[in-house]
Every structure is written in C-alpha cells, then in structure tokens.
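Peer 1: Here is how the chains run, residue by residue.
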Amino acid sequence: MSDAISRDEVAKVARLARLILSDTELDIYTEQLGLILEHARDMNSLDLADVIPTAHPFGVTNVVREDVVTPSLDRDTVLAMAPDAQDHRFAVPRILGEAP
Amino acid sequence: MKSATQIAADVRSGASSAAAELERTLSVIAERNEELNVFLHVDIDGARAAAADVDARIANGDNVGPLAGVPIAIKDNLCQVGIPTTCSSKILEGWRPPYNATVIERIVAAGAVPVGKTNLDEFAMGSSTENSAFGPSRNPLDPTRVPGGSSGGSAAAVASNMTSLSLGSDTGGSIRQPAALCGLVGVKPTYGLVSRYGLIAFASSLDQIGPFSKTVADSALLLEVLAGHDPKDSTSLPEASPSLVAHVNDGVAGQRIGLVRELFDGADESVVTAVRAAAAALREAGAKIVDLSIPELELTLSAYYLIAPAEASSNLARYDGVRYGLRVKADDVTAMMEATRTAGFGAEVKRRIMLGTYALSAGYYDAYYGQALKVRTLTINAFARAYEQVDLLLGATTPSVAFKFGAKTADPMAMYLNDVFTIPTNLAGDPALSVPFTTGEEGLPIGVQLLGPGRSEARLFAAARVLEIADGRP
Amino acid sequence: MTLPDDWEMVVGLEVHTELLTKSKLFCGCQNHFGSEPNTNICPVCLGLPGSLPVLNREAVDFAMRIGMALHSTIAPSTFHRKNYFYPDQSKDYQISQYDLPINSGGYLDLPDGSRVSIERAHMEEDTGKSTHLGGSGRLAGADSSLVDYNRCGVPLVEIVSGPDIRSSAQARTYAAELRGILIATGASDGRLEEGSMRFDANVSVRRSGQPFGTRCEIKNLNSLRSLQRAIEYEALRQVELLEGGGVVRQETRHWDENLGETSTLRVKEDADDYRYFRDPDLVDLAPDQAWQDRVRAALSPMPAQRRGEVVALLREPSDAQLDAVEVVIDLGLEKYVHAVADASGDAGLAVARVANELAADVDHVANLSTESFVATVLMEQRGELSATQAKTVLGEVLASGGDPHAIAASKGFEQLSADTLGSTVASLIDAHPDEWQRYREGDEKLAQFFIGQVMKLTRGQANGKAVIAELQARR
Ligand SMILES: [Zn+2]
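Chains A, B and C supply the protein sequences, listed in that same order.
Here this note's numbering is used: position 11 in the first sequence is 247, and no number is missing along the way.
Here this note's numbering is used: position 103 in the second sequence is 883, and no number is missing along the way.
Here this note's numbering is used: position 261 in the third sequence is 282, and no number is missing along the way.
Chain A on its own, in the form it takes in the complex (with noise of 0.2 Å):
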C-alpha cells in the first residue's frame, strides 16, 4: 500500500470536493488514489527547478469581445431546468454559512 496519500487527505479532499465516501470507498479510493500519485512521482525524477510552468498550449492573447449586450435566454425556459424554482429564482434550502 502506497503512502503518497492518507486515508484523512482523501477524507478532507472529499469533503472539499462536496463527495460523501462509506469507508469502504474512503479505503479504495485511499489505495486507488495512492498508486495514481506514486505513479506520478517519477517527474521527481527530474530537475525542474528552471523550467516555466506551461498552464495552456495556446499562444494567442489579449482576446476580447467588444462591449455590446447580446440577447439573454428566457427566464422561463431557464427556470424549466431548475430542480426547483420560486418567485423567478432558483430556490435551494438553507444556507449554512456565508461566502468566503
């Protein structure tokens, strides 16, 4: 069993990620996600330290729209696909806490 991951890191990652895992999962995941990080230390291998990150293959800038208002979708039609709906807004229970 690979220790590249604790079964508590994938516990808070899952939480993060707004997952619930049975221990059973939170088990596999643990050795599944493991294995996948273990595998991927071999670009430890490697001196990067002088290399620049590459986020994106795409070497264009500065794309912009100009500033023009383009039709907006019917709020009827929006609403339709909500799991619930009220007063024209899209209703949800409880907020726990605030925005970060």
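Simulated from the structure, these hints should not be mistaken for lab results.
Heads up, the beta-carbon is just placed ideally off N, CA and C, and yes, glycines get one too.
Please note that a few of the clues may not be correct.
[Said to hold, decoys possible] To give an idea of the interface, some chain B residues facing chain A are shown, with a C-beta separation under 7 Å as derived from the structure:
#, residue
1, Arg812
2, Ser985
3, Lys1154
Position chains B and C with the ligand against the provided structure of chain A, taking the given hints into account.
Peer 2: Same frame as chain A, but now just chains B and C with the ligand:
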C-alpha cells in the same frame, strides 16, 4: 456503406435524398442499437425535419453545403438545443440545453443531419465506455469487446454503419483510441482549431472536438466544416478553416517522418509490427523515415493524470443541484450539494475529481500540479525539437487491439496506461490522427498514429491517405 | 472616539467596485441594476455546461483607467479560478486575477496630505444575489434562499490598499477620495446605496511601535458612515479584548448598522482552500503600449487635480468654501465654476451657487448650459438680480431650460432700475433720519436695516450690494 463524401454528392445531384439517407441510418439504428448501446437518444423527429429541410432547399436550388444530407452522430457531451445531453452521467439526466454548441451550428449549416447523441465514458473520463452511467457500448466488430473510449459510442456508430460520420472529443486520446479499436479514422485537431463552445468540459486546456469516419477523405471533409475561428471561444485560433480535402492526395514524397520509439515501446507485438509496416509503406511512398527517441514522453502520463483531473475538479464543480440536472434533497444547501454529487457521479469521475482537488490543494500544488505543468513545458519543447528534424511523427495509437469488457476496470492505472501513446500530443496542443493499418489478434483492427506540429492537419491527412491506400482501401 | 493612548489601529481596505460596462465581464448579458430577477442570464453567466467566457474589452479599459489613476503599474496578467461551492456562484468558482493582476502597486494621496499605498487593483466577476426566506430575512435563521443570477458575472475591480490607514476618519477619507477617483475615471457610478461600491476593512491594533496584531475583516460595508463606525468599533473591541488579557481571533465579521457593533460572521478555517489555478478557458491579457496609451489619453483629470484648480480660483477660501468646492468636485460640476471665472474672474459666488442650487437638482444639470449659468451669476454679481432672484432663475432653468435673461424678465426681476432704487433709498433716508445719521457716523450695521427696508418696499427685487452702493454714494 457509402462514404459521407458520396452521400453528399448523391444528395446534391438528386441521385439520393437526405430523407432516404436518414431512413437508411434510422433502420440500422433500429436494428443494432439495442445490442450495441450506441445512441443514448435518437432524435427521430428532429432528424426527419432537418432532412426534409435539406431536401426542400435542394429542390429550391439552394447551395446546401458540403455535408448535404449526411446523417451524423453526436457525442453526448455536445450541447444541442432541446436534445437531452447527459455526458453519460446521472447528474445531467434529463437536461436539455437551451443553446447549441458551435460545431452543431456549423454541421447543420453545412447540410448535415444530426441523428442523435452517442454514449461515452461519464464526462469523457475513460477508455472503454464502461464508465457510462447508461451501460457500456459494444464494439461492432466484436460485441464482447469494448469500442474504446471515451468517444466509444461515436466510434461504434460509424463502425456499425449507422452513420458515415460522427463527432467525438479528445482530451487524452478519446477520439484516436476508439477509432483504433473500431477500425476508423479519428482526428484530434490542433488545440484551438475547432471551437469548444458547447463542448461540456472535461479538461479545458486539453479538450478538442474532432471527426470519426471510415475514410481519410471523410474526416478531412468534416474537419473543414468544424474548423475556423469562433468568437465565443477565447482559445479559438484566429484564422479561418484550413483547406484539407484538397490536400488529401498530396502524398508523402519528400516528407521526413520520425518513427518515435516511445510511441510504440511496450505495445503488443502485433501493434509494433503494424507500426513498422506503416513506416515501410510511407517509405515506399517516398517519405524519409527517421528513427527518433523522445524520452520526455515517458513522463507525460503522470503529468496528464494530474493536469486533466485538476481542471476537471473545477469544471465539474457546477453540478451542484442548484440550477439544472439532478438534485438530491437535503436540509441545507451544503448537504444537498454533497448528496447530489455523491449520487450523481460515478466512481471514475469521483476518483478524478478527488485526484484533481488534491493536486490543486494547499501544500500539494507545487509537488503535483505545478510539477505537471513543468513536464508539460518539457513535452512541448521536446516535440518542437523533434519537428525541427522531421515533418511528422509516427507511432502506435493504442498498446493493443480492442480488449474484453472488465479486463481493465479493476485497476485504474491499467486503464490509464491505454492512453500512454495518445496523451503526449494533447499536452502539446498539437494535432494527431489514428488511421487503421493492418489487423491483429482475431482479425481486429490496429490503428497507427500520425502526429504533427500545430496546424499540420493537411499533411497528416495526406500521410494517412497513403497508409489507407497501402492497406488496401483505395 | 479615540483609542487609549499608546494603542494604534492598522487598517487596510479592500474596495470592490462594479464597472459601468454595458455588458457583463465574460458574456453579452446586460450589466444593469434593478432588472427583473434572472432576466439578464445566459449560458455563460449561468454556468451552463459547455459555455465559455470571453473577456469584455471595455472592462479592461476601465480597469486600466483605475490603475492609471492610482499610479499603478499595468502588467501582463492572467485569470485564475477561485474554487469554492456557493449557490450564488453559478460555476462554483469565481474567475478572478490572482498572482498576476492587471494593476499592481500605486498610491492614493488624500486631501490632508497623507498617502495610502495601493497593493493591487484587479478584475474579477461578481456573484449572484440571494434572498433569504423565513427567519429575519437575513441568512442566519432562514429556512431557504432564492437566487437571482442577474449580478453574476458583472465586472468588478477590487482595489486593495496597503495596511497604511491609522484612523477611522482616514479610512473614510480614503474611501471617499477613491470613490471620487472611480467616478472620475468613468469606471463606476459610485452608488453605494445600490451596492455598486462595497468596502471590506481589515482591522488590527497594536501598541505603538509593536508588530502588527491579528486582523479581523469586516465584510460588505456599504456606506462611508458604516465604514467609519465599524472600524472605530472594531478597533476599540480589539483593544478592550487585548487589555483584558484576551486574544484576537482571525475571522470575518459582520457590521450591524442598527446595533452599532460587529459580530463574528465566519472563522477562517483550514477548509478555506480555494485551489487557485489559471483558468484554461481564458488567455493571457497583456495590453500593449498602444492600447495603454489610448486608455490614458481618454482619462480625465482626477479629483485632487480638479480640486486644486478650483481652489486656485478663490481668494483666501474659507473652510465653508472649501467644503463647497468638495461638493462641486464630487458632482463633477466644476466646468460651471471655470466658466464664470473665465468670464468675470471671481469664482466664489459660482462655487456657492453650484454647491447649493445645482447640487440640489443635480439630475437636471443637463438643462443648464455653462453660458446660462455664467449669465445668471454675472447678473447677480452686477447687482441686476438679488440672491433670491438668482436662485429662482437657476431653479427655473434647471427644471425646464430656457434663457435666464428671458426668465428674469418674465418674472419681473429685470431690473429695478437704478433710478427707482435711487428714489426708494432717498425716500427711506427721509423717513428714517436717526438711522441715517448713525449710519453716516460709521455704524455699518445700519446698512442691513436699510437693505431690509428696500427689500420690503421692492418685494425683494433689489440687490443688496446695489443698495449699499446707493447708501455709500449718499453718505
Ligand atoms: Zn450572461
């Protein structure tokens, strides 16, 4: 089965009609879809209306476009107005987009008839369609085997003669790998050549939409329609669609083609044999074959399986039960989001969301995501160096022919290794295609992969056409 | 309020301002306050699967204008995703600039001569708005919430000051001066009551000369008064806590305007892991020199400069006049003052008329040309109109336009002729010999008596200065 090029010509000349071509497609679907699980949704009424429209415009003397009356299958991660679009996920079950993907607008404008939405691995994460929430698709050439993935349904649609063309998306090989396993041409275009607007994102810096077809010319035909600048996608290349069909028969005389050891090392012997035979065929046609080694490519699998999940973890955050799709009720909003996502996502999607969340989280970003971005730089530089020496690269598409259901589901790493030859070019943003060349075990098709620098699609099609002819499909 | 001796507050402000673009930051939906809920939404700002953002050029221009006004360095920048789940955020991440903001560094000089450093001014998108049902209508205690995404994706610039502010009054001055700058750049309407500008205050306290203490962040202050009161309260709370042997906990606090106190909103948690990474749907932003030059050329002068130019027109300005100048600059109406100064050389009366009469009906200033304003003020300066009459004329022109001379004439203001005034004054001198005698002997207060009498006889049509001139001529 007629090629798309032939169908369009027949429909335009009056030798056939869009309606007749569509009915043929619908009858094959009716015959085989239950067995193969290719289409998640067939839009019979919409397709008939679209075909009737094409026929009416032809009767009216209008110029209907290069795909006149060609039925086409759409991967179910592309948004089409009013048509259920699920990404093969329970979390989007029943959702009907209020807008069209740019590629849908373009194929319809070119006269094509979208017939329905094809199965895929959930959110395009997988290499077999076994991760679909709606059951796997079967390989039409051997229904005990996978069609590959994630665009397995789109590959199976063409391989089973339901349609001559289909649309897929390729993030790490999701077009090329199923094309190889189903004996088709499949193309991953240069990043930015085809607009991603309306493609439900898996990993935004890697995703590209591309064609499946039986012939090289058909893929060129479809890609010409798909390509070209789209102001709705900030990462769309600024130029108009390139000329591709006109170059399909350009040949490879004088081209330098690098045979890259890292792009077939470790593959099954039948695959290695096919790649070497392809090199010989290209040499025969006048290309200069250069043996190359690009050691950096060995690190790309690791980098990919951090970068793609990292982006996915953020792209898939929006499925929270608030605005559309599944909601599992709970007392407070956080519990509702957790219950919804837990019920709505399958195991592989959860695995990648967690992997990506972890790779981006405080304390691990530098060790994982940051390191992967540096490997991406090395990959781009390594390819660029290779393209200083040669015009194109040659390798395998997959390590093996189509595998049996369940063969790789127990071990995620074994499944991920399927993508080892296709992933590098996604990291670099360069184009690549898979073209069938010879057969392997049990007569199953083998795909060889051609890779080129950015915007080299015309050259890739010409080389693929050489292999197509050499493989006995003139 | 003052902190106990030897305590000092350390305050930094984060100011969010919505930009006055026509459309949202990354989509073409209307950027408009007060629309019907969920009518300004599209696949992009609603975060529908498959949608993609495209940056609004005008938002970049506004962001650069703000940066230029704050003496920031404009640098190549990128957009990141700040990942956190929240229902008013349609993608469950916010697109924001992170390690490479468009504007970094800079400063803002306050009227009192102090300087507050600017750390950065970056672009980001606003969130939607939630309405809470049940309970008191606030989040806490609500049964459920309703979300309107009209505001989701509206462009914001967040201006982050250095921790340079040392009093609540200075914080208020900084915020007011910044507001003036934002309005002057055209980037913001500065409407605090509509939430188009919002303040977050980072407050800590320390004994003089000691290192910074633990800070608390007071969120979403939406008026200058709240900002000042909240900072005052919070600094005092922290001092009392520390003097009582307690410790300040790093947390986000809410200001209750009615109770006049702050309370814990949320404690900073380990779970606050936003997993910032570059948004792969957007490309680098690196405005070249030509783009920057074009923006700079369109930039109008900032309040400090404009204020200086108006003050320079006044001879030994009083405090009241300086306050009036502040109003003039705030409303951006100094062109009227300059026009009068150009015509007559005396801006004092013009400042007063703008700060009072024009300010009172600012929505209609478009009806008042500078020529009409100059004409009215000159009539008043020359004694052709009394102050009351001049105000009436201005009010009339503001309300419905028209020529001030014609209005004055139609109201019968047009001159009490010099002859009439002269004979009125003469008859009053005859009628009040004692008062006249005392005035002649130097009791200047009696001028007011005569002015009052003249006004009474002429029903306010006379001009005070003209009366004095008449009196002095006969002295
Ligand atoms: Zn929008």
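Peer 1: Look at each hint and say if it fits the structure.
Peer 2: Hints, one by one, checked against the model:
A cut of 7 Å between beta carbons decides the hint on Arg812 (chain B): the least distance to chain A is about 33 Å, and the hint is violated. Satisfaction of the interface hint for Ser985 (chain B) is found here, the shortest Cβ-Cβ separation to chain A being roughly 5 Å, below the 7 Å cut-off. This hint holds: Lys1154 (chain B) has a C-beta 4 Å from the nearest C-beta of chain A, less than the 7 Å allowed.
Hint 1 from the list above is the single one not met by this structure.
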